[in-house]
Structure formats: C-alpha cells, structure tokens
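Asker: Sequence:
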Amino acid sequence: MKSFGFWLESEDKPDIESLSIDVLLNFNLWCEPSSGAGRDLDFGFKLSRAVDSEGADERGLYSIAKHVNAFVLYCPFSLDKKQVFDLYDVLISSQSRVLGAVFNEKCKVTSTDSKPYASVEFLGGSNDSFTLCKIANSISIEDTPDDVPGCFVRIALPGNLPDGALYFRFRIKGPGVSSLVQKHDSKDSPLNSAFSRVEIVDFRFNDYRTLPDCANNHVEAKYSSFRLNTLQAHFLLMADSGVDVDSGVTLKEKRLLEGGLWDDYLKVGQSASESKRFGRLGADSDFSNLVAWHWKKGDLAPVDGYRMYLKLRIHVCNFKTIVKYLIYLFGITVLFDVLERPVIDFLLSMLRIVFRF
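Mapped onto this note's numbering, the consecutive letters of the sequence shown carry residue numbers 15 to 371.
Hints in this document: simulated from the structure, not taken from any laboratory.
Small disclaimer: the values here were computed from a predicted structure and weren't measured.
Some hints could be false.
[Claimed, not checked] Taking lysine-lysine pairs in the DSBU-like style, the calculated list, with each CA pair at most 35 Å apart, reads:
1. Lys148 x Lys129
2. Lys120 x Lys310
3. Lys325 x Lys311
4. Lys310 x Lys197
5. Lys236 x Lys129
6. Lys16 x Lys268
7. Lys120 x Lys27
8. Lys96 x Lys129
9. Lys148 x Lys236
10. Lys80 x Lys310
11. Lys266 x Lys236
12. Lys27 x Lys80
13. Lys96 x Lys311
14. Lys148 x Lys80
[Claimed, not checked] Derived CB-CB ranges, DEER-like:
15. His308 x Val348: 50 to 60 Å
16. Thr264 x Ser128: 40 to 50 Å
17. Lys268 x Asp351: 26 to 36 Å
18. Ser107 x Asp160: 40 to 50 Å
19. Lys197 x Ser143: 36 to 46 Å
20. Ala170 x Lys268: 28 to 38 Å
21. Ala235 x Lys197: 34 to 44 Å
22. Ile155 x Gln196: 46 to 56 Å
23. Glu272 x Asp351: 48 to 58 Å
24. Asp160 x Asp94: 15 to 25 Å
C-beta: ideal position from N, C-alpha, C; glycine also.
Take these sequences, add in the hints, and give me the full structure.
Answerer: What follows is the structure, given as structure tokens:
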C-alpha cells in the first residue's frame, strides 16, 4: 500500500522567530466485516509548541496560525470533496462525551455559534487544553501531477485562531479507504461451509519508501517560520469482537465501545447504502459487538514515518456453500424418488425372465 503523507506549509516569514511544533496524530480505522458497510478512516491532528521551542512570548503564549498557513494530507487514492467530512459538530455535541471518549478524559467545551472553533479543557489534567477548529469551509482537494496517483487534501488555517494548541479531526470515505484492507480467502473456501478469512491492513504514514517524490519533497521541506519537532501516533482499529487481530506492535489497550455514545459520531457521512449498519446495531445501539484496539508510538521524527501492519482473521460461515449442498441433497433425494419405482419394476421383470416365474 502506498503511504499517506503530511506536512505543514507557510510563506517565508523572516521577521518572526521560528516555532518548533509537535504533532499528535490520531488514526481511527472502522473495519466491521459483519455490517457490510464501507470502511471509514478518521484523522486527527493536534499542533502544539514543542517544550524546547522559543517561539512563545513573555507570557508563554504562541500562535500556530501566525507561523503556519495550511496543513496538507497526501492521499494515495483519489477523493472527492464530498468524501471528506469535518467532525467538529459531532465532537462538541452531546455534552462533550464523544470528545472525552476520544481522549480518554472528561473535558469541558466552550463554543459560540459565531466563531469557527471551540475551547477544550480537560478536567483530569492528563491532556493539555487546545482549540478544536471547524474546517468544513477550509478544505480543498487538489490534483497531484499527472503521473502520480492520489490527491492532496489541503486545510487552510485562518489567521484569527486563538493562541495555543490547535486540533483538527475529519473523516474520509469511499472505495479508496476500503482498499486499505486487503481480503484473502483460501482457495478451497467455496467448498467449505466454514473457513477463516484473512484481511491485511498495511497502513503507512510519511513512509519515504512508498511516498511519491512530489509528497516526499514537501515532507522534507524547511521553512523559516517553523520546524516540525516530533510526531506521536495513536492508531485505533474498530472491529467486530469475533475478529482475531495479530500485530507485531505492543498493544496499548483494547475495550468494547461504549453504548449510546458513538451513534451520532459514526453516522457522519453515512450513505443510504450503509444504513444497514445502523439497522443491525439499532437506533440506540450498545455497540456490544465492536472492540477498539489501540496502539501508540511516540517520539517519531517527521521523516521517519509511521507504519502499522495488522492481520485480521475472521471466521466466516459460508451460507452459499451450505445452501448449495442442501440443493444438491434435495435434488438427489427427488431423483431417487422419481427413479425408484421404474428401477424396481425393471429389476423384477428381469428376474421373471431369468427365473421364469
């Protein structure tokens, strides 16, 4: 699988001091074999000043938007703008329960309809506060060079954003996301009533081995107004509880998804063809069949990239084969019933001829 790519962009600003930026990355892959729905991939980006950065004023305040004009995601497959969904509205709704679940800590959200951002404060102190940004009107899709597959998802940063850390979260959908999961069935699966299907997730981010040059050059570019310091990645896989997941990376945690919490979040971008997902789970589902697998990796250099390889083993009941065998059995039974009387009469007539009785 080709790699996703990420970088920040800015105009040359020699009059301001360079800001060192840390990036927190959230990747959520929704992979539910039993639902029959398409795959969803959520991205979250938190930009904050590195601890050793000198780009703050005497009060310790800093402005990301002052140093950065936009952040760009290279997607290795084509996307339409209608396949990119801002998750801002659903994150600040329902009394912040969804946002608190994302960061595993209760939080307080302060927002107004007149401003395209909300202030998020964590009550437990485990996470630093940040500004959650609404980006629905700032997203644009740009074409790659003719010989390069994929597209660029560009998100412009307004200059009037508050000081401090910024967070963005959005979802991409479509056939390209489904291609992240490669399905492999055994060759004899059509003959078996039950078999194990293997699905491979090969997720790559800023991986120089599989990034095209047009994206890799941006990842390695230098700007006078900022520099990327370190990346910290959180990868979550949401899968049915009956799926066996193998990975060479140490698992941070896994848990059943909380009931009544994720319904509205999952419905963002839902199409009519995917409505059976919620028909199966129910209007107020408890998600008792979905498990979140969580991996974490920190202190990554931007040019090092991030890779996650997962093998999913799914136990499949092959109803088509079962029905096929039942049809064959029924056909054979009917055939014997039809042929039974003529065959017996023929055999009796032959016996009469041979033994003359």
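Asker: If a hint holds in the structure, say so; if it doesn't, say that too.
Answerer: Status of each hint after checking the structure:
1. Lys148 x Lys129: holds, 9 Å
2. Lys120 x Lys310: Distance of about 20 Å is within 35 Å: holds.
3. Lys325 x Lys311: holds, 19 Å
4. Lys310 x Lys197: holds, 25 Å
5. Lys236 x Lys129: Holds. Lys236 to Lys129 sits at ~32 Å (cutoff 35 Å).
6. Lys16 x Lys268: Holds, at roughly 27 Å.
7. Lys120 x Lys27: violated, 38 Å
8. Lys96 x Lys129: Cα-Cα ~23 Å, so holds.
9. Lys148 x Lys236: holds, 27 Å
10. Lys80 x Lys310: holds, 30 Å
11. Lys266 x Lys236: Roughly 33 Å separates the two Cα atoms, so the pair holds.
12. Lys27 x Lys80: Cα-Cα ~9 Å, so holds.
13. Lys96 x Lys311: holds, 31 Å
14. Lys148 x Lys80: Roughly 18 Å between the alpha carbons, so the hint for Lys148 and Lys80 holds.
15. His308 x Val348: 50 to 60 Å: Given about 55 Å between the Cβ atoms, the range holds.
16. Thr264 x Ser128: 40 to 50 Å: holds, 45 Å
17. Lys268 x Asp351: 26 to 36 Å: Because 54 Å falls outside the window, the suggested range is violated.
18. Ser107 x Asp160: 40 to 50 Å: Given about 42 Å between the Cβ atoms, the range holds.
19. Lys197 x Ser143: 36 to 46 Å: Given about 42 Å between the Cβ atoms, the range holds.
20. Ala170 x Lys268: 28 to 38 Å: holds, 37 Å
21. Ala235 x Lys197: 34 to 44 Å: Given about 37 Å between the Cβ atoms, the range holds.
22. Ile155 x Gln196: 46 to 56 Å: Violated: the Cβ-Cβ distance is about 25 Å, outside 46 to 56 Å.
23. Glu272 x Asp351: 48 to 58 Å: The hint (48 to 58 Å, Cβ to Cβ) holds, given that Glu272 and Asp351 are roughly 56 Å apart.
24. Asp160 x Asp94: 15 to 25 Å: Holds, at about 19 Å.
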